Amino acid sequence: MGTTARDERRQTLPGHVYTDPAWFDAEMARVFRAMWVVVARGDEIAAPGDFLVREIAGDSLILVRGQDGRVRAFHNVCRHRGTRLCLGEGGHAAGSLQCPYHAWTYDLTGRLIGAPHMDEVEGFRRDDHPLHPVACETWGGLLFVHTGRDPAPLASQLGGLPARFAPWGLEDLRLVRRETYHVKANWKLIVQNYNECLHCPVIHPMLNRMHHYLGAENVPTTGTYCGGAMGFREGVETLSTDGRRRRAYLPGLRAAERARVDYFAIYPNLLLTLHPDYVMTVTIRPRSPLETDLVADFLFHPEEIAKPDFVFEDAVAFWDGTNREDWAISEQSQLGIASRAYTPGPYSAREAQLWEFDQWVVGKVDRSTDDIS
Amino acid sequence: MGTTARDERRQTLPGHVYTDPAWFDAEMARVFRAMWVVVARGDEIAAPGDFLVREIAGDSLILVRGQDGRVRAFHNVCRHRGTRLCLGEGGHAAGSLQCPYHAWTYDLTGRLIGAPHMDEVEGFRRDDHPLHPVACETWGGLLFVHTGRDPAPLASQLGGLPARFAPWGLEDLRLVRRETYHVKANWKLIVQNYNECLHCPVIHPMLNRMHHYLGAENVPTTGTYCGGAMGFREGVETLSTDGRRRRAYLPGLRAAERARVDYFAIYPNLLLTLHPDYVMTVTIRPRSPLETDLVADFLFHPEEIAKPDFVFEDAVAFWDGTNREDWAISEQSQLGIASRAYTPGPYSAREAQLWEFDQWVVGKVDRSTDDIS
Amino acid sequence: MGTTARDERRQTLPGHVYTDPAWFDAEMARVFRAMWVVVARGDEIAAPGDFLVREIAGDSLILVRGQDGRVRAFHNVCRHRGTRLCLGEGGHAAGSLQCPYHAWTYDLTGRLIGAPHMDEVEGFRRDDHPLHPVACETWGGLLFVHTGRDPAPLASQLGGLPARFAPWGLEDLRLVRRETYHVKANWKLIVQNYNECLHCPVIHPMLNRMHHYLGAENVPTTGTYCGGAMGFREGVETLSTDGRRRRAYLPGLRAAERARVDYFAIYPNLLLTLHPDYVMTVTIRPRSPLETDLVADFLFHPEEIAKPDFVFEDAVAFWDGTNREDWAISEQSQLGIASRAYTPGPYSAREAQLWEFDQWVVGKVDRSTDDIS
Numbered sequence: 602m603g604t605t606a607r608d609e610r611r612q613t614l615p616g617h618v619y620t621d622p623a624w625f626d627a628e629m630a631r632v633f634r635a636m637w638v639v640v641a642r643g644d645e646i647a648a649p650g651d652f653l654v655r656e657i658a659g660d661s662l663i664l665v666r667g668q669d670g671r672v673r674a675f676h677n678v679c680r681h682r683g684t685r686l687c688l689g690e691g692g693h694a695a696g697s698l699q700c701p702y703h704a705w706t707y708d709l710t711g712r713l714i715g716a717p718h719m720d721e722v723e724g725f726r727r728d729d730h731p732l733h734p735v736a737c738e739t740w741g742g743l744l745f746v747h748t749g750r751d752p753a754p755l756a757s758q759l760g761g762l763p764a765r766f767a768p769w770g771l772e773d774l775r776l777v778r779r780e781t782y783h784v785k786a787n788w789k790l791i792v793q794n795y796n797e798c799l800h801c802p803v804i805h806p807m808l809n810r811m812h813h814y815l816g817a818e819n820v821p822t823t824g825t826y827c828g829g830a831m832g833f834r835e836g837v838e839t840l841s842t843d844g845r846r847r848r849a850y851l852p853g854l855r856a857a858e859r860a861r862v863d864y865f866a867i868y869p870n871l872l873l874t875l876h877p878d879y880v881m882t883v884t885i886r887p888r889s890p891l892e893t894d895l896v897a898d899f900l901f902h903p904e905e906i907a908k909p910d911f912v913f914e915d916a917v918a919f920w921d922g923t924n925r926e927d928w929a930i931s932e933q934s935q936l937g938i939a940s941r942a943y944t945p946g947p948y949s950a951r952e953a954q955l956w957e958f959d960q961w962v963v964g965k966v967d968r969s970t971d972d973i974s
Numbered sequence: 602m603g604t605t606a607r608d609e610r611r612q613t614l615p616g617h618v619y620t621d622p623a624w625f626d627a628e629m630a631r632v633f634r635a636m637w638v639v640v641a642r643g644d645e646i647a648a649p650g651d652f653l654v655r656e657i658a659g660d661s662l663i664l665v666r667g668q669d670g671r672v673r674a675f676h677n678v679c680r681h682r683g684t685r686l687c688l689g690e691g692g693h694a695a696g697s698l699q700c701p702y703h704a705w706t707y708d709l710t711g712r713l714i715g716a717p718h719m720d721e722v723e724g725f726r727r728d729d730h731p732l733h734p735v736a737c738e739t740w741g742g743l744l745f746v747h748t749g750r751d752p753a754p755l756a757s758q759l760g761g762l763p764a765r766f767a768p769w770g771l772e773d774l775r776l777v778r779r780e781t782y783h784v785k786a787n788w789k790l791i792v793q794n795y796n797e798c799l800h801c802p803v804i805h806p807m808l809n810r811m812h813h814y815l816g817a818e819n820v821p822t823t824g825t826y827c828g829g830a831m832g833f834r835e836g837v838e839t840l841s842t843d844g845r846r847r848r849a850y851l852p853g854l855r856a857a858e859r860a861r862v863d864y865f866a867i868y869p870n871l872l873l874t875l876h877p878d879y880v881m882t883v884t885i886r887p888r889s890p891l892e893t894d895l896v897a898d899f900l901f902h903p904e905e906i907a908k909p910d911f912v913f914e915d916a917v918a919f920w921d922g923t924n925r926e927d928w929a930i931s932e933q934s935q936l937g938i939a940s941r942a943y944t945p946g947p948y949s950a951r952e953a954q955l956w957e958f959d960q961w962v963v964g965k966v967d968r969s970t971d972d973i974s
Numbered sequence: 602m603g604t605t606a607r608d609e610r611r612q613t614l615p616g617h618v619y620t621d622p623a624w625f626d627a628e629m630a631r632v633f634r635a636m637w638v639v640v641a642r643g644d645e646i647a648a649p650g651d652f653l654v655r656e657i658a659g660d661s662l663i664l665v666r667g668q669d670g671r672v673r674a675f676h677n678v679c680r681h682r683g684t685r686l687c688l689g690e691g692g693h694a695a696g697s698l699q700c701p702y703h704a705w706t707y708d709l710t711g712r713l714i715g716a717p718h719m720d721e722v723e724g725f726r727r728d729d730h731p732l733h734p735v736a737c738e739t740w741g742g743l744l745f746v747h748t749g750r751d752p753a754p755l756a757s758q759l760g761g762l763p764a765r766f767a768p769w770g771l772e773d774l775r776l777v778r779r780e781t782y783h784v785k786a787n788w789k790l791i792v793q794n795y796n797e798c799l800h801c802p803v804i805h806p807m808l809n810r811m812h813h814y815l816g817a818e819n820v821p822t823t824g825t826y827c828g829g830a831m832g833f834r835e836g837v838e839t840l841s842t843d844g845r846r847r848r849a850y851l852p853g854l855r856a857a858e859r860a861r862v863d864y865f866a867i868y869p870n871l872l873l874t875l876h877p878d879y880v881m882t883v884t885i886r887p888r889s890p891l892e893t894d895l896v897a898d899f900l901f902h903p904e905e906i907a908k909p910d911f912v913f914e915d916a917v918a919f920w921d922g923t924n925r926e927d928w929a930i931s932e933q934s935q936l937g938i939a940s941r942a943y944t945p946g947p948y949s950a951r952e953a954q955l956w957e958f959d960q961w962v963v964g965k966v967d968r969s970t971d972d973i974s
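Protein sequences appear in the order of chains R, D and U.
In short: position in the first sequence from 1, add 601, done, that's the numbering used here.
In short: position in the second sequence from 1, add 601, done, that's the numbering used here.
In short: position in the third sequence from 1, add 601, done, that's the numbering used here.
I should point out that these hints are in silico values taken from the structure, not numbers from a laboratory.
Since this is a predicted model, take the numbers as computed values, not measurements.
Check the hints yourself; a few may be wrong.
To give an idea of the interface, some chain R residues facing chain U are shown, with a C-beta separation under 8 Å as derived from the structure [to be verified]:
no., residue
1, L755
2, S757
3, L759
4, I930
5, Y943
6, P947
7, S949
Where a beta carbon is used, it is the ideal one built from N, C-alpha and C, also for glycine.
Same shape as in the complex, but just chain R (with noise of 0.2 Å):
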């Protein structure tokens, strides 16, 4: 992995990884289960009491700020008989979370405090059923989850992205608009996607005149990331419809900093792109071998976001088109991946990264496996 080595062994994986749903659930249960995953953003529950409730890799998760403003993570299930606690969507919590059906109710550190006539049976201790808890933590103004057994600290899975990205001063930002997108593909043929721009001048044609599309400089994979820069063409300053920086340069960042874009798929499920005076992340929700669910925050600075003459509708609308782009030919992707005829192909040099991560999912998959491609 990571080297520079290249010859036509390097191809793409066998089909049954984009479509056995056996091969889905490991991936489920060793990676997305197994790592931190992004869930959410903390501005989204910025007060004591606010909860939302967020769907990831098949659990349905309640994510509340307590009176101590820190946000916990709860399974959405109620100790009692197993219905689900909070309906829809989110909203606020006066101190505590009540299930709907017997009334059993939870304080927001997750501990039972009432459970109608439970007292009468004999045994029964309110401390035995708090709701199951998940790990929790927050970087950049992200919230993280880690649904598995006593995860190590986000921090040893960022391992040195936090202070890469200190410049941009990601936990400063303020969401202005959420895009969702419903993808008929694989999870991993969206980070495959990210991950080459080999496809921008056939694809893209609006990105092509931003970047050019050899020009990524990138950084050595890792285990837990992959990613690198592309400067602009002469006359560009960020992307957007014109390619014209409505807005200042985020106040961090250097001259170098400010000439490119980073463009970062930070396993399993978080696409990071960096821009002068602006940032997109992309939260990959794995429905099913062959859906996906993406979210797109469009992240602006607060002071910025004050101006009278505030704009971002270039910015959204610029990345709007170019994702539905990506997503289209993803799905077609898929398509041909699934069909009877598909065999392995050769990755080319440009798509280095893209076998890195296959590498990685697969070797986490399958630890016994080196390379299955």
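Once you have looked at the hints, place chains D and U on chain R.
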């Protein structure tokens, strides 16, 4: 089963019994196709030749009233090439049922009486090809079928129920209104919801003004049914939108029976709710582990129906609203129980009938297990 | 097979051959992907560069007419990363087919002629990555493909059919109208329905006025086809809404052929119905055990089409109505056969071709079994 000891070992069932298709298939085989189940009312096919088509536990059945006034049931499958004999939901047959494909014709007892060109086939005998019969009996105006082999009479399954409910004169009542519901919940959650009123203060503001939710007097649970009676709060005379009774008492009721509502879950698929002045039956038709169809019938006495100022809307509106509250929370239970994070939870003393029902089902499905909760 | 003895042991097939996905998969593998099947008409892609995309037995295929006038077929899968090469249903390619993702380009013989940046990859040779070819041949204006390995020529499958049907001049006829249908029935029920007219008096009041339903003269069934001819009732000259013939006889027909309709089921997926003045083909495309797509084409002679008073609606309306009657009853057959209560039933002497077809399919799927009915 039926003991009074209560301790925390009385837990809800594991999740797979609410979600696993194989478990569901076993329930259909060992409960729904091994017992008498309600499929319709006799007064839906009042005249000789009237027939209707009903689907229960995966079988499409024809119920037809013969020239002799007796209702018979058959599988809705022609013995020639397997075509559905009766399309649609029912109708009137003038003495025979004819397959719409090649005109094989059966009399109303299921005997093959016409089979064009089959007489040319060596060894063919019409008597070898009657419609596949299904046992059918009547109680209280309800049609029960048993699709298993050599069933014992319906009376042996009903035990003491006919005697208990004789005062309500069920066989004299007539259908005035039918409401049907499609609920995304396992059929057992519908039975469990019916068997406790602990949720009444939370879920049913209207019902809770009629009864005190702890006021149930239950009979000992048997292998055939569970249930009990609830008295009215002061000023309430029946279950209607305002608690007022707008119809005469059913003629056979004594004083005690006029002052209460009887709630009986008659295994496996009839919920019988008897009021002083009318009766509601809810028939349960499981469609999959995750889906159940429910048919609520509202029955009144013919003398009341004949009165010029007869009204029924107060009763139907009360129950339609209350039923919808129950179906909605049952759907939330289904979702939570289907979660990976769900674990069995403790029953309170007020949920004894649920535990007994659970054990009954589990005992039917897996006779080698006494308690899998 | 093909004997004349008739007894009740000639029964319909067991239910699972109409419902089991594993059986269906075996049929696709051992019948549809092991024989020549009809996928399109040659005149749909008349000019060099014209192409169309068709799905058959789970494969998406490209059919393209080359500069040399020959039609070739390929799997619709790019050899790079597996993307569908051609979206949509067809079009015109100016000399090459280009993948919409990374611009890999193939000539109309399937050879890879462009692969951006692949020359940088050690050991990469374009000649190793042609489109996956599929055998394609033409008869009677129809395009047949064979997706299996090393197929024998189409002629060996068709046997004596081309000679038999030479008088109708199929290759000269032109498509005037196409009707497509989605039917919720197993593909075999469509073939079986086509192979007997015992149902005609019950199902087809209009058709029954044209033929006598017992008037078929069948040829001996072979491993390639079954079929026969039916003469007209008095005063009828062709199958149209009123039995009148509004077009000249097809030029090659002799007197006997002008007085009948030929009905041939050409295994596995072509129903060929030849009238004195026009031809209808129905192509069968199985989608699942429970679903089949059907394409009915109405073909006329160019000299008739060129006449100012040419009409075809009388023929199309007749068959559209008759076909819908057949599809509807086939759906009812499917439902009944899928019942738990279904058991194989006896065939009459008038259904000999059905039994022969059944045995042929079963013999293909399970060569160790001579008769599983």
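Okay, the hints, checked on the actual structure:
| no. | hint | verdict |
| --- | --- | --- |
| 1 | L755 | violated, 33 Å |
| 2 | S757 | violated, 33 Å |
| 3 | L759 | violated, 30 Å |
| 4 | I930 | holds, 5 Å |
| 5 | Y943 | holds, 5 Å |
| 6 | P947 | holds, 6 Å |
| 7 | S949 | holds, 4 Å |
The earlier numbered hints that this structure contradicts are 1, 2, 3.
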